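S.K.: Residue strings, one per chain:
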Amino acid sequence: MVKGAWWLVVGLVTTTKHFLRPAITVQYPKERFPQWPRFRGRVAMVPDDEGRHQCTACGQCIRICPAACITLERHKEEGVKGFVLDRYVIDMGLCIYCGLCVEACNFGTLVMIPEYEMSVYDKAELIYDIPKLLSRQLAPEFKK
Amino acid sequence: MIIYPILSRLNEWWKGVVAAYGLPPEFVPAGQMVVNGVLIAGFIAALVLFLIWLTRKVSAHIQQRFGPMRVGWHGAVQTVADALKLVQKEDTTPRGCDRPVFNIAPFLAFAPTVVAFVVIPFGDGAIVRDLNIGVLFLFAVTTINVIAIIAGGWASGSKYSLLGGFRSAAQLVSYEVPLVLSALGVIMLAGSMRLGAIVDAQSRVWFVAYQPLAFVIYVIAATAEVNRTPFDIPEAEQELVAGFNVEYSGMKFAMFFLAEFANMFLVSAIAATLFLGGWRGPWLPGEFWFLGKSFAIVLLLMFFRWTYPRLRVDQLMTFAWKFLLPLAFLNLIITGLIVVLI
Amino acid sequence: MATDTAIHTEEFQVNMGPQHPSTHGVFRMVLTLDGERVVECEPHIGFLHRSMEKMAENRLYIQFLPMADRIDYLSSMFCSVAHCEAVEQLMEIEVPPRAKYLRTMFMELNRIASHCIFFGIFALDLGAVTPFLYGFRERELTMDLLEMTSGQRLTFNYVRFGGVAADLPESFFPAVEKFVKVFPARVTDYERILNENEIFLARTKGVGVVAAPRAVNYGWTGPNLRASGVDFDLRQNMPYEAYGELGYKPVVLSRGDCYERYLARLLEMRASHALIKKCVEGLPEGPTQKEKVSKFPKVPAGEVYVRVESPRGDYGLHLVSDGTDKPYRYKLRTPSFNNLSMIRELLRGVYLADIVPIFGSLDVILPDVDR
Chain A
1 MVKGAWWLVV GLVTTTKHFL RPAITVQYPK ERFPQWPRFR GRVAMVPDDE
51 GRHQCTACGQ CIRICPAACI TLERHKEEGV KGFVLDRYVI DMGLCIYCGL
101 CVEACNFGTL VMIPEYEMSV YDKAELIYDI PKLLSRQLAP EFKK
Chain B
1001 MIIYPILSRL NEWWKGVVAA YGLPPEFVPA GQMVVNGVLI AGFIAALVLF
1051 LIWLTRKVSA HIQQRFGPMR VGWHGAVQTV ADALKLVQKE DTTPRGCDRP
1101 VFNIAPFLAF APTVVAFVVI PFGDGAIVRD LNIGVLFLFA VTTINVIAII
1151 AGGWASGSKY SLLGGFRSAA QLVSYEVPLV LSALGVIMLA GSMRLGAIVD
1201 AQSRVWFVAY QPLAFVIYVI AATAEVNRTP FDIPEAEQEL VAGFNVEYSG
1251 MKFAMFFLAE FANMFLVSAI AATLFLGGWR GPWLPGEFWF LGKSFAIVLL
1301 LMFFRWTYPR LRVDQLMTFA WKFLLPLAFL NLIITGLIVV LI
Chain C
2001 MATDTAIHTE EFQVNMGPQH PSTHGVFRMV LTLDGERVVE CEPHIGFLHR
2051 SMEKMAENRL YIQFLPMADR IDYLSSMFCS VAHCEAVEQL MEIEVPPRAK
2101 YLRTMFMELN RIASHCIFFG IFALDLGAVT PFLYGFRERE LTMDLLEMTS
2151 GQRLTFNYVR FGGVAADLPE SFFPAVEKFV KVFPARVTDY ERILNENEIF
2201 LARTKGVGVV AAPRAVNYGW TGPNLRASGV DFDLRQNMPY EAYGELGYKP
2251 VVLSRGDCYE RYLARLLEMR ASHALIKKCV EGLPEGPTQK EKVSKFPKVP
2301 AGEVYVRVES PRGDYGLHLV SDGTDKPYRY KLRTPSFNNL SMIRELLRGV
2351 YLADIVPIFG SLDVILPDVD R
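Protein chains in written order, with this note's numbering: chain A, 1 to 144; chain B, 1001 to 1342; chain C, 2001 to 2371.
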C-alpha cells in the first residue's frame, strides 16, 4: 500500500518535471519547422541555365508513377534527334509524393522541393503544367 | 485585512444612507445581502474564467506544449471566446425529456456552490456569515449536487443519461462519508464547527501537521466529489455510456461545466481552511494567503487529472467503502483518543 | 443507436460504432450487455478495406512499393521490406551487407515509433492524457531520423529491390548519437508514470488473461503471444536481414494479461534501442544497393512466402508470380487480423469498462486488419 502511494507520488514528480521544461511546440504559421534537404515535398522541374526544362520526353516517369498522374505529349521533328516535348502535366491532386518519378528520370529533369503548402480553392489549380513546375513557391523564411 | 475594512466602511455608508432617507431599518441587512451576493457571484464568475484558462495552460505545459496562445496575451481571453461560443449554440431539448426539471438541473448544480461560499473565510473577518455550524452547513449544501446530477440524468429522457446519473450519484454519495469523517478530526481538534474558530485554532500550527492522514483522505474524497480524474467516469468520452450531461448543449452545458470548476475551487478552499490554516500567514494580507493556498490545492487537483488514468466504477466504490472509510474511522478514533487523553 | 428495451434487468444491445474514441480506427462492435457485463460481442470489420491485394495485381512491382507502405502505415518499413524481400528471393538477388544493416536499423526505429503510439493510446484510453503526448514527442525523434534519410515521416518509400534507396546523409550520425543517448531516460520516464501506478495496475492486471495454448491456437503473434509466455520471435527463430549477425533475444513474459502485453511492448522499445545502437556501431561499409538491378524487374515465375516481425506480430506476404512484371497473387497475412480474431472470446463476460483496456492492449491497427 505504501509502495502504491510512493509510485503515485513518483508519477506526479515526473509530470511536474515536464511542467518545468520549456514547451517544444512550433507555432505554425508564425514559426515553421525547417525541412531536411531530402524532404519529399512537391515535384518540380529543374531549369537549366536559360531557365528552360530539360525533359527529353522519354516517358520513364509515366511508366513508374503509381498514381498515373503524369501526362505528356510529344512529337518527332525532322532533323531533331529524339522527341520534342509539347505538353507535360502533373496532376498534383493525384500525386502521392513518393518520389519514384524523380528516381526514374535519367536526365535530372525532376526534383522534389520542400514546398508542402499545396491547398487551393479550386482543384484546377492543382494541375501543374511546365511553367508552374518550373516555378517555386516556397514558404517564407523558416524560424526556429 | 483588505476586504473587511472596505466592507465595514461600505456598511457604515449604507447605514448612513438608510438613516438619512428615512427608510425602514430592514433595508440595512437587505442592502448588505445584496452587496454580498453580488460580490460572491462576481468572484465566482471571474474565478471560473481564470480557472479554466489555468487548467488549459497547466495541462499544456505538463505535456510540453503551449496551450491557448492566440486569443489575447497567451490565450487569456480564450475562455471568454469559448463562453461566447457556447452561449450562441442551439439549445436542444430532447423529445422525451421532463422539461421543467431539464431546465432547472444545470442551475441546481451551480447554486449550492454559490451558497456554500457564504461561510468560507476569505480573509480576517471577511466571511459573509460566520455560522456556528459552518462545517455542517458546507457539507449539507454541497450534497445538493447529487440531486442536481440525478435531475440532469433523469430529465434527459435517455436511459444512458439516467444510468450515468445513477453512477455519478452513487460515486458522490459514497465519497461523502470519508469526506465528512476526515473533517470531523479537524472539528475535534478545533473544538468548534465555526470556520472562523477553526482558522483561529490554527494560529500556531496548521492542522495538516496534526492530521496528515485526514488531509490525504480529504483530498482524495474531494477529487471524487467534484468528478475529476481519477474519478471522472461521468465525463469520460472513452467510456461507452456517457454521463448525465450528454443531452445538454449550449448555455446549460456551460452551467454544468462552470459548476464543476466552481466546485473544484470550493473544495480546495475548504481544504485550505480546514487543514492549511485558512487566511493565516505572515506579512501579506490574509486574502493573498487564502487564495494562494486554495490555488495550491487546485493545482494539485489539476496535476492529478493529467497524470493518472481512470478508475473503473466498481473499483471506485471498492476504494471508497473498503479503503477510505476504514482509514477515516481509524483517524477519527486516534484523534478522539488523543483529544481525550491530552 | 440501440434497440428500445425496458430498463429492468434485460439484456440490451449497444453499438460501439465505427466512430468511437477508443476503437483504433474504424471498427464496429455490437455488444449485448447485461447490466455491466458483456454477454456477447459481434465484431464488424471491413470499414477500411482498400483492396490492396487486388491493386497489387494491377501494378508493377516498383509501382506497388509506395502503396505497400500504406498497408500498415504505422509500421510501413516492415511492409516495404517484406515486398522487396519477396521479389529478391524470387529473382535470387543478394542484398549487400550495408543495406541489410540499414534496413534493420530503420525497421527497429519504426518499431519504436509504433510502440510509442501504442503506449500513448493505451494510456489515453484509460484516462491518462499526458503519456500520449510524451509518446508522440519520442516519435518525433525517430521520424526526424527517418525523414533525414528517406524524405518522408510516415510512408518512407525507402527500400528498393536489392538494397535501399539512398545512403545515410551527413546529418544522420550526430542525430542518431543524440537519440541513442536520450532515449533510455525517456522510457524510464514512461515507466515512472505508468508502470507501478496503482490505478493503472488496478485497471490492467488480471484483465483479459490469455493462456499460451489459446493464444497459439488463435494464431496470435508478436508481443501479444510473447506476453502469454510463448518464446517465439521471428528475429530470433527465423532471422532475416541483419538479425542473424546481430543476435536478438526476445522479451518473453508469462501471465498474458493486459498489463503484461503493455509491458512486453515497453521492454521491446528498450530492446530495439539496444539493437539500433549495435547497428550504428557495427555498420559495414559498402554499396547500399546491388548493382544492375532493374527498376522494372520481370520476376521469374514461382511463389515465395516472406515473414517479417512487425510491431504487431508476424507479417506474412505470399507472392505468386507468373513471370510477368506484375504480381499474379499478392496475399497478405496481417498480424492484426489474427490478433483481432479472439475479440469475441476475450470480451465475453467482462465488465463494460474492461473492453477498452483489453482492446487497446491487443494493439490492433485497422488498416492492417482490413488491408
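FYI, nobody ran anything at the bench for these hints, they're computed from the structure. No experiment lies behind these values; they were computed from the predicted model shown. Every residue, glycine too, gets a C-beta built ideally from N, C-alpha and C. Heads up, some of the hints might be wrong.
[To be verified] Selected chain A positions facing chain C (in silico; Cβ < 7 Å):
#1 Gly-4
#2 Trp-36
#3 Arg-38
#4 Phe-39
#5 Cys-95
#6 Val-102
#7 Cys-105
#8 Asn-106
[Unchecked claim] Cβ pair distances, simulated, as ranges:
#9 A:Ile-127 x C:Ser-2254: 53 to 61 Å
#10 A:Ile-127 x C:Pro-2213: 43 to 51 Å
#11 B:Arg-1095 x C:Thr-2032: 22 to 30 Å
#12 C:Lys-2178 x A:Ala-23: 41 to 49 Å
#13 B:Pro-1094 x C:Asp-2231: 40 to 48 Å
#14 C:Gly-2286 x A:Ile-62: 28 to 36 Å
#15 A:Val-89 x C:Ala-2185: 24 to 32 Å
#16 A:Ala-124 x C:Leu-2048: 45 to 53 Å
#17 A:Tyr-116 x B:Arg-1095: 42 to 50 Å
#18 C:Arg-2348 x A:Ile-62: 50 to 58 Å
#19 C:Arg-2333 x A:Tyr-116: 51 to 59 Å
#20 A:Tyr-116 x C:Lys-2178: 24 to 32 Å
#21 C:Arg-2348 x B:Phe-1043: 52 to 60 Å
[Stated by the list, open to error] Cβ-to-Cβ under 10 Å is the rule here; a few derived chain A residues that face chain C:
#22 Arg-63
#23 Cys-65
#24 Ser-135
S.K.: Next, verify each hint and record whether it holds.
M.R.: Structure-based check of all given hints:
For A:Gly-4, the interface hint holds, the least distance from its beta-carbon to any beta-carbon of chain C being 4 Å, beneath 7 Å. Interface hint status for A:Trp-36: upheld, as the beta-carbon distance to the closest one in chain C is roughly 5 Å, under 7 Å. Taken as an interface hint, A:Arg-38 checks out: its beta carbon lies about 4 Å from the nearest beta carbon of chain C, inside 7 Å. A least Cβ separation of about 6 Å between A:Phe-39 and chain C falls short of the 7 Å threshold, and the interface hint therefore holds.
For the restraint placing A:Cys-95 at the interface with chain C, the shortest Cβ-Cβ distance is roughly 11 Å, beyond the 7 Å limit, so the hint is violated. With its C-beta approaching chain C no nearer than about 10 Å, A:Val-102 sits outside the 7 Å limit, and its interface hint is violated. The closest approach between the C-beta of A:Cys-105 and any C-beta of chain C is roughly 11 Å, which is over the 7 Å cut-off, so the hint fails. Interface restraint check for A:Asn-106: the shortest CB-CB distance to chain C comes to about 11 Å, outside 7 Å, so the restraint is violated.
As the Cβ distance of A:Ile-127 to C:Ser-2254 is approximately 59 Å, the hint placing it in 53 to 61 Å holds. In this structure the supplied range 43 to 51 Å is violated for A:Ile-127 paired with C:Pro-2213, their Cβ-Cβ distance being about 59 Å. Distance hint check: the CB atoms of B:Arg-1095 and C:Thr-2032 are about 26 Å apart, consistent with the given range 22 to 30 Å. About 20 Å separates the C-beta atoms of C:Lys-2178 and A:Ala-23, a value inconsistent with the hinted range of 41 to 49 Å.
A hinted range of 40 to 48 Å for the beta carbons of B:Pro-1094 and C:Asp-2231 is inconsistent with their spacing of about 55 Å. Between C:Gly-2286 and A:Ile-62 the C-beta distance comes to about 33 Å, which sits within the given range of 28 to 36 Å. Distance hint for A:Val-89 and C:Ala-2185: a CB-CB separation of about 51 Å, inconsistent with the stated range 24 to 32 Å. Separation of A:Ala-124 from C:Leu-2048 is about 30 Å and departs from the stated range, judged on CB atoms against 45 to 53 Å.
Checked against the given bound of 42 to 50 Å, the beta carbons of A:Tyr-116 and B:Arg-1095, roughly 48 Å apart, stay inside it. Between C:Arg-2348 and A:Ile-62, the C-beta spacing of about 54 Å keeps the proposed range 50 to 58 Å intact. The hinted range of 51 to 59 Å is not satisfied by C:Arg-2333 and A:Tyr-116, whose Cβ atoms lie roughly 35 Å apart. A C-beta distance of roughly 25 Å is found between A:Tyr-116 and C:Lys-2178, which places it inside the suggested range of 24 to 32 Å.
At roughly 53 Å, the beta-carbon separation of C:Arg-2348 and B:Phe-1043 lies within the given 52 to 60 Å, and the hint holds. For A:Arg-63, the interface hint holds, the least distance from its beta-carbon to any beta-carbon of chain C being 7 Å, beneath 10 Å. With a cut of 10 Å, the hint placing A:Cys-65 at the interface with chain C holds, because the nearest CB-to-CB distance is about 7 Å. Interface hint status for A:Ser-135: violated, as the beta-carbon distance to the closest one in chain C is roughly 21 Å, over 10 Å.
When each numbered hint is compared with the structure, violations occur for hints 5, 6, 7, 8, 10, 12, 13, 15, 16, 19 and 24.
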